[in-house]
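Full structure from sequences and hints, please.
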Amino acid sequence: MNGGGETHHFRRLGVIWAVLAVAFDLVYYFAIGPHVPPGTLTSTASGAQFDFNILFLVAFPVMAAVWVYWAYALIVWRGSKSDLAEPEGGPKSRGHLGIQVGWIATTTVIVLGVFVFGTVELIVPAGAGGGEGPSPIWTPTSHEVLPIQVIGQQWQFTYRYPTFGGFESRQLMVPAGTTIAFHVTSLDVIHSFWAYQLGVKADANPSVDNVAYTTTKQPGAFTVRCGELCGLWHGAMYNFGKVVPKAQFFVWAQSTEHRSAANTKNLPPFAYTYVPDANGANGGYYPDNVDPYSKVETYGATSPGK
Amino acid sequence: MGRGGRLAIIGALFAVAVGLVVFTVMAFLRSSPPTVDFTAGHQAGAPVDLTLQTVGSIGTGIHPSWVSYLTQTPGGQWVHTTLWDLPAHTRINVTVHQYDGGSPLRNQQYGQVTGTIGDDAILNGKSFTVINANNGNGVAHTFAIPTLGISVPLYANNGNGNLCAVAPCPTNSPHNIVRFSFMTPGPGQYPWQCFLPCGLGYLYGNGGPMQTIGYMDGFLKVVA
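One line per chain: the protein sequences are U and G, in this order.
All residue numbers for the first sequence refer to my numbering, where the first residue is 1 and numbers rise by one.
All residue numbers for the second sequence refer to my numbering, where the first residue is 1001 and numbers rise by one.
Don't read these hints as lab results, they were simulated from the structure.
A couple of the hints might just be wrong.
[Stated by the list, open to error] The calculated lysine to any residue pairs, modelled on SDA-like cross-linking and capped at a C-alpha distance of 25 Å, are:
#1 U:Lys242 to G:Gly1188
#2 U:Lys81 to U:Gly14
#3 U:Lys265 to G:Pro1174
#4 G:Lys1126 to G:Pro1174
#5 U:Lys242 to U:Gln197
#6 U:Lys242 to G:Thr1114
#7 U:Lys265 to G:Thr1114
[As the list claims (entries may be wrong)] Distance windows between CB atoms, simulated:
#8 U:Val62 to G:Phe1023: 51 to 57 Å
#9 G:Phe1014 to U:Ser207: 51 to 57 Å
#10 G:Asn1124 to U:Pro162: 54 to 60 Å
#11 U:Val116 to G:Phe1023: 55 to 61 Å
#12 U:Pro162 to G:Pro1174: 38 to 44 Å
#13 G:Met1026 to U:Val62: 43 to 49 Å
#14 U:Met63 to G:Pro1187: 39 to 45 Å
[As the list claims (entries may be wrong)] A few chain U positions that, by computed beta-carbon distances, are all more than 10 Å from chain G:
#15 His96
#16 Ile151
#17 Glu168
#18 Arg170
#19 Leu267
All C-beta atoms, glycine included, are put in the ideal place defined by N, C-alpha and C.
Okay, structure coming up:
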């Protein structure tokens, strides 16, 4: 091949690649991107969707470059074509300085760019919906944050609302347009609170208050699953939640507080963590010299009959 | 014996050993408690009576000390199982003969009756909606179907009493009778469980019978 031929192929490859990459990126951005999971129910879900879309928009041109070159080579440079010269080896095939520098520079920019982008996106907004432990570094700017405690127990999540008398519910309802602080903990083994469409995922560890933030947008439904293998019914440890308008949330919260009052008074006082009962019914595997019905061992309970 | 004969014997023994291992593993994996069928002869719209008992120790089998549920067949026989075939969209009238002692609940949230018809249950003839597991005899177990929102605490017997230790328990042993009703949903498999960690001798009380189908966990197999 002569120099003119290489330039011709290079330009043709470049045009095909650019047209494909731009066309597909545009189609993706406008037609597919808005529907990419986890959706836009919350700020953190929107953030995750934005991240997925940006990464795909960056990745597709790279993938297209490989596929276009591969297809072009298969079609244009097939060995069966009699008019093609044999490929040259040796020093003449050792490359082109401009292409080498361009390749290294481009890949370096892409990798470093994705690294910086991914790191920043893990931090904003307010920890990006991940559990930040008991002392979050990245906190929301909102001054009005609704705390909801998520309690994992084999095999169900329950939810306490400390600003509504500390009632506990097996339903998770959250108001739209509100910043939520999920305080995630467990009464037995390690679970993981994964509210997929909310863009929230935080481990539920016994005796740990794992805080995750998100800000809800419009009303909608979401699914909560346990994201940590936790025993026999791990696969059945899920429930459905709702983001509802604020007025509807307050009606639900106040009515549930009223309806649960008879049981709420039996619950331990609200705390961010509870030391789980180390034993089962009337015995079990617990350290010597520990009263199985002591306050610290039974989620605040007292011995029956005392 | 020639070399070929010895090789044949070794090969045959090896094949038998492999067969035994495969058989044992498959038998273990395929073992399951029996399923009690409440759909046979069921007339659409008619309620189904489901009678259970809870015992502090099953007293027999490979885990005689394990706590367990038992199921009474429509013919009146007690069976060590927690698997039931139930008709869809049908009222299930549950009666639990509760023979076990109790403790506080790990989470008193499960002291509340939810998901039953009327959102209540009947303990020894008296309606209730909440049991404070910190008082009295405490709670022995719960009957809960999380995906259907159903949860009923089962009040315990006095642990100092002469509690039944071998199932099925006779009705002259100290026990409480808890009744409640719920509606089955559409066809599907719905896991149910106890929410009081009653696995005696296991970490956090959640091992052993709490993790074993046929003891404190089971399935409602709802069929059309």
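Here is what the structure says about each hint:
1. U:Lys242 to G:Gly1188: holds (24 Å)
2. U:Lys81 to U:Gly14: Status holds; Cα separation ~23 Å.
3. U:Lys265 to G:Pro1174: violated (30 Å)
4. G:Lys1126 to G:Pro1174: holds (17 Å)
5. U:Lys242 to U:Gln197: holds (10 Å)
6. U:Lys242 to G:Thr1114: holds (19 Å)
7. U:Lys265 to G:Thr1114: It holds: about 17 Å lies between the C-alpha atoms, which stays within 25 Å.
8. U:Val62 to G:Phe1023: 51 to 57 Å: Check passed, 53 Å falls within 51 to 57 Å.
9. G:Phe1014 to U:Ser207: 51 to 57 Å: About 52 Å separates the Cβ atoms of Phe1014 (chain G) and Ser207 (chain U), which means 51 to 57 Å holds.
10. G:Asn1124 to U:Pro162: 54 to 60 Å: With a Cβ separation near 36 Å, Asn1124 (chain G) and Pro162 (chain U) fall outside 54 to 60 Å, so the hint is violated.
11. U:Val116 to G:Phe1023: 55 to 61 Å: Check passed, 58 Å falls within 55 to 61 Å.
12. U:Pro162 to G:Pro1174: 38 to 44 Å: Taking Cβ atoms as reference, Pro162 (chain U) and Pro1174 (chain G) lie about 40 Å apart, which means the hint holds.
13. G:Met1026 to U:Val62: 43 to 49 Å: holds (48 Å)
14. U:Met63 to G:Pro1187: 39 to 45 Å: Given range 39 to 45 Å: holds, Cβ gap about 44 Å.
15. His96: About 61 Å separates His96 (chain U) from the closest Cβ of chain G, which puts it past 10 Å; holds.
16. Ile151: violated (7 Å)
17. Glu168: Check fails; 5 Å does not lie beyond 10 Å.
18. Arg170: It is violated; Arg170 (chain U) is separated from chain G by about 7 Å at its closest Cβ, not greater than 10 Å.
19. Leu267: The claim is violated: Leu267 (chain U) sits with its nearest Cβ about 5 Å from chain G, within 10 Å.
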